[in-house]
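Let chain A serve as the given structure and place chain B on it in line with the hints.
Protein chains: 2
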Amino acid sequence: MIFVDACLKKQTPYTPIWMMRQAGRYLPEYRATRAQAGDFMSLCRNAELACEVTLQPIDILGVDAAILFSDILVIPAEMGMDLEFVKGKGPVFHDPLRNEADLKRLADDSDEKLSYVYDAIKLIRKDLAADKALIGFAGSPWTLATYMIEGGGSKTYEISKKMLYSNPSLLHAILRKNTDAIIKYLLKQIDAGVNAVQVFDSWGGALEESAFFEFSWSYMKEISAAIKAQHPEIPVILFSKGISGYLDKIDGTFDVFGVDWGTPIEKAKAAVFDRYAIQGNMEPTRLYSQEKIKEGVEHIVKVMGKEPGHIFNLGHGMLPDLPVENAKYLVDLVHELTRR
Amino acid sequence: MIFVDACLKKQTPYTPIWMMRQAGRYLPEYRATRAQAGDFMSLCRNAELACEVTLQPIDILGVDAAILFSDILVIPAEMGMDLEFVKGKGPVFHDPLRNEADLKRLADDSDEKLSYVYDAIKLIRKDLAADKALIGFAGSPWTLATYMIEGGGSKTYEISKKMLYSNPSLLHAILRKNTDAIIKYLLKQIDAGVNAVQVFDSWGGALEESAFFEFSWSYMKEISAAIKAQHPEIPVILFSKGISGYLDKIDGTFDVFGVDWGTPIEKAKAAVFDRYAIQGNMEPTRLYSQEKIKEGVEHIVKVMGKEPGHIFNLGHGMLPDLPVENAKYLVDLVHELTRR
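Chain order of the listed sequences is A and B. Here the first sequence stands for residues 797 to 1136, where the numbers follow this note's numbering. Here the second sequence stands for residues 797 to 1136, where the numbers follow this note's numbering.
What the hints contain is simulated information worked out from the structure, not anything from laboratory work. You may find that some hints are simply not true.
It does not matter which identical chain is used: a pair holds within one copy or between any two.
As the list claims (entries may be wrong) - Computed list of lysine-lysine pairs in BS3-like fashion (alpha-carbon distance at most 25 angstroms, straight line):
hint, residue 1, residue 2
1, Lys980, Lys900
2, Lys1088, Lys1102
3, Lys984, Lys900
4, Lys1065, Lys805
5, Lys1065, Lys1045
Predicted, not measured: the structure shown is a model, and the values here were computed from it.
Excised from the complex, chain A in its bound form (with noise of 0.2 angstroms):
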């Protein structure tokens, strides 16, 4: 797979290319399937339809790899929590944590009641050609937490970072519960099928650089090492939003760094190429014209060079309005730009 190999760093006849949100609403595909769903997390535990939406992008757009459709939200869900999605709003927790008998009721079984995932990816693996990858993921323990204890999402991520500072012990003790269940989650999405997995941290840039590496990089690296000693040819992508000012700290056992829009594709490639493949980073809202696709992929391709290595990808996930023929000309122009 063209895609496995460029996370190895393995030579490939072009530079392989997914997008991140690439199953999602600015594919009217996927709109008619959610209808068919019902609420968005009826869609992400059944099986079938999941199934569909992982493989729209595949068929439409001839990307090299589908990722799972889920949500980083399912563990929390599944350990018990009470997850609403609601519009306009976002995921709401009603039930936040915010001390230590709120996380004792949390379940230790959520990789077992995670199963209906893990039906998804062995039909998705059925249908999705062989030459194409499989991605499995999970939020990173630290991303999920925020979302645990202040409720839903933030802008200030106040109540999660007066824990960090005022009872750390309690949050080392959050993040230990998640990453035990993100690791299980995995492997099991491994046995599944999945060709890759990735951690996202969508928040690791909330946090001052002495904070991101203990409470949210050690962990990713964690998990990360324990996919590895099991699995040494699945590649990890571990992606952090917003973390250019600590890349050269970064270190740990993985394969793939994920680089958002923030970080200059040249910085990334000065501080991690040396040990690590790099995926990204293209601002996602050039796709709303041709012109800045071509200009940004040229920038991107000419940094990266055709050095193995590089997975092209988005600083950040698809908007609901992108135009789909942008998206495809997107595919096109990096497979066309970067063929050996």
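Same frame as chain A, but now just chain B:
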């Protein structure tokens, strides 16, 4: 004034400190004055009450500078846009800017309509101790534009960025309008008595590197150059949040570079301290714990040493539930540890 001297890299007896959003909801005295004023914009438009809340942190905390109490959105409001602060949601413009015609409707004399700000400045400067500086401010052209275009706060800035990539000349026309208004506004603030000015670019970090320099930093530099040409004695502070990946390209005629908590202070010092004074950068949520305040202050003070040119500040604004006694502890500790 110690604050002004530090901005101009002159020797000072100790490192001056003030805090972004130091006049705010964490102070019971602020909440009392705010309740008198009614809504938020009424407080901004009432020179006596704006003076009162501006001075509160000077008396209560002993900071070295007062910052004018106002809001960055007074400029678009006085251009004629329909601004409302909606509880639990933040600022909303009911008539967002989406095309040339919307832009043409905006008034050119916002700087004259903002006379209540100059009245407040005169009152504050009269009541403020002679050794304490008064800082005036404005939002950056880009940051104001995001609110004007999106119609309020945003997570993705997708309408603004769609304009940036698909209709850049319209965005430049909006930025031109904002820049001209900001220059006139800041010059009038100086005429009224402020001793320094800061440009807040809260959402500069939403832009990728090339877009940041073209659509935000270039206009900030233009503002700074215009101020310095007329008032070389007035320090100009430029603060863009979330641009730690772009530090090596920072240039322009200004005095102080504001550093958020996502940029390690060592890196900010290495990148810009040869040319600019530095203001920042303690993580605001450290203020939940005196132990963590001490750790943060000791680190920053150690890195910055006792060379002239550092103004201690937070990397972002004070939060509503931070304890006042911890803010006071921070101010005293910075003064104590930096005494020459």
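Verification of the hints:
For the homomeric pair Lys980 and Lys900, the shortest alpha-carbon distance inside one copy (19 angstroms) is at most 25 angstroms, but the shortest distance between copies (59 angstroms) is not. In the homo-oligomer, the alpha carbons of Lys1088 and Lys1102 lie at most 25 angstroms apart inside one protomer (22 angstroms), although the nearest pairing across protomers, at 46 angstroms, exceeds that limit. For the identical chains of this complex, Lys984 and Lys900 are intra-copy neighbours only, at 24 angstroms inside a copy versus 59 angstroms across copies, given an alpha-carbon limit of 25 angstroms. Only within a single protomer do Lys1065 and Lys805 lie at most 25 angstroms apart by alpha-carbon distance; the minimum there is 14 angstroms, versus 35 angstroms between protomers.
Taking the shortest alpha-carbon separations for Lys1065 and Lys1045, both the intra-copy value of 14 angstroms and the inter-copy value of 17 angstroms come in at or below 25 angstroms.
The structure meets every hint from the earlier list without exception.
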